[in-house]
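Undergrad: Sequence:
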Amino acid sequence: MRLVETTQGCYVSVNTKPSESVIITTPLGKIEVELAQQQAPLTTANFLHYVEHGFYNGGRFHRAVTPDNQSNANLKNEKAGAGIDQDADRSQLPNDAVIIEVIQGGIDPDRQDEQNAPIPLERTRDTGLRHEDGTISMARLTEDSAVSDFFICIGDQPELDFGGQRNVDGQGFAAFGKVTTGMDVIRVIQQSPVDGQSLDPPIQIITIARLV
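So this note's numbering is basically just the index in the sequence shown, starting at one, shifted up by 703.
Since the hints were derived computationally from the structure, they do not count as laboratory data.
Treat the numbers as computed from the prediction; the structure is a model and nothing was measured.
Some hints could be false.
What the hints assert, rightly or not - Computed Cβ-Cβ distance ranges for the label pairs, DEER-style:
#, residue 1, residue 2, range
1, ASP816, SER722, 23 to 33 Å
2, ARG913, GLN868, 31 to 41 Å
3, GLY761, ASP898, 20 to 30 Å
4, PRO904, SER722, 32 to 42 Å
5, PRO730, ASP872, 31 to 41 Å
6, PRO730, GLY757, 14 to 24 Å
7, ALA800, VAL915, 37 to 47 Å
8, SER724, HIS756, 10 to 20 Å
We treat Cβ as the ideally placed atom computed from N, Cα and C, and that holds for glycine.
Turn these sequences into a full structure, and let the hints steer you where they fit.
TA: Okay, structure coming up:
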């Protein structure tokens, strides 16, 4: 166990165990995720902080991105999730020419004001992880703006890796684990009704808990 400083001087404890798993429980079923603690220690520690303190209990999957709902108009009208730095520059929104498929989830919105500061971006160039089918990763706008919102990939999404063009800065997103069971649940969530890219209604996250 060690402490790592975030972008604004706060510290999170980093567990150096090789891997750990969590269970995401929704009304549609359960999703098991294995976390890549050795490859992405800071991102994993940040996520587990919110798990351990119950932030995701009563949270929700609030966004579903499909090939049919991606346009600059949709993206610019989307509200940043509660778990993204609200001061980040929204001009960094992606070009709709780069199509991805993900679902995005986050904490209980009532706990937004209790969150830690944003964390530094752990690039896939450095971690060796890739955005493949079932990869879990941190949502962000600009570099170092991820807080607690996360997304899960449906299908391989190389444009989300370092050097990819989904985000105009080319820095990619911080992958930190992979779904081991429950991709059927994720696909059902992705195909649920949306208003633009916002799930309508959102799909409740009943709990996220460590697998023991």
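Undergrad: Each of the hints needs a verdict: does it hold here or not?
TA: Hint by hint, here is what the structure shows:
no.	hint	in the structure
1	ASP816 / SER722: 23 to 33 Å	32 Å, holds
2	ARG913 / GLN868: 31 to 41 Å	35 Å, holds
3	GLY761 / ASP898: 20 to 30 Å	21 Å, holds
4	PRO904 / SER722: 32 to 42 Å	34 Å, holds
5	PRO730 / ASP872: 31 to 41 Å	36 Å, holds
6	PRO730 / GLY757: 14 to 24 Å	18 Å, holds
7	ALA800 / VAL915: 37 to 47 Å	44 Å, holds
8	SER724 / HIS756: 10 to 20 Å	18 Å, holds
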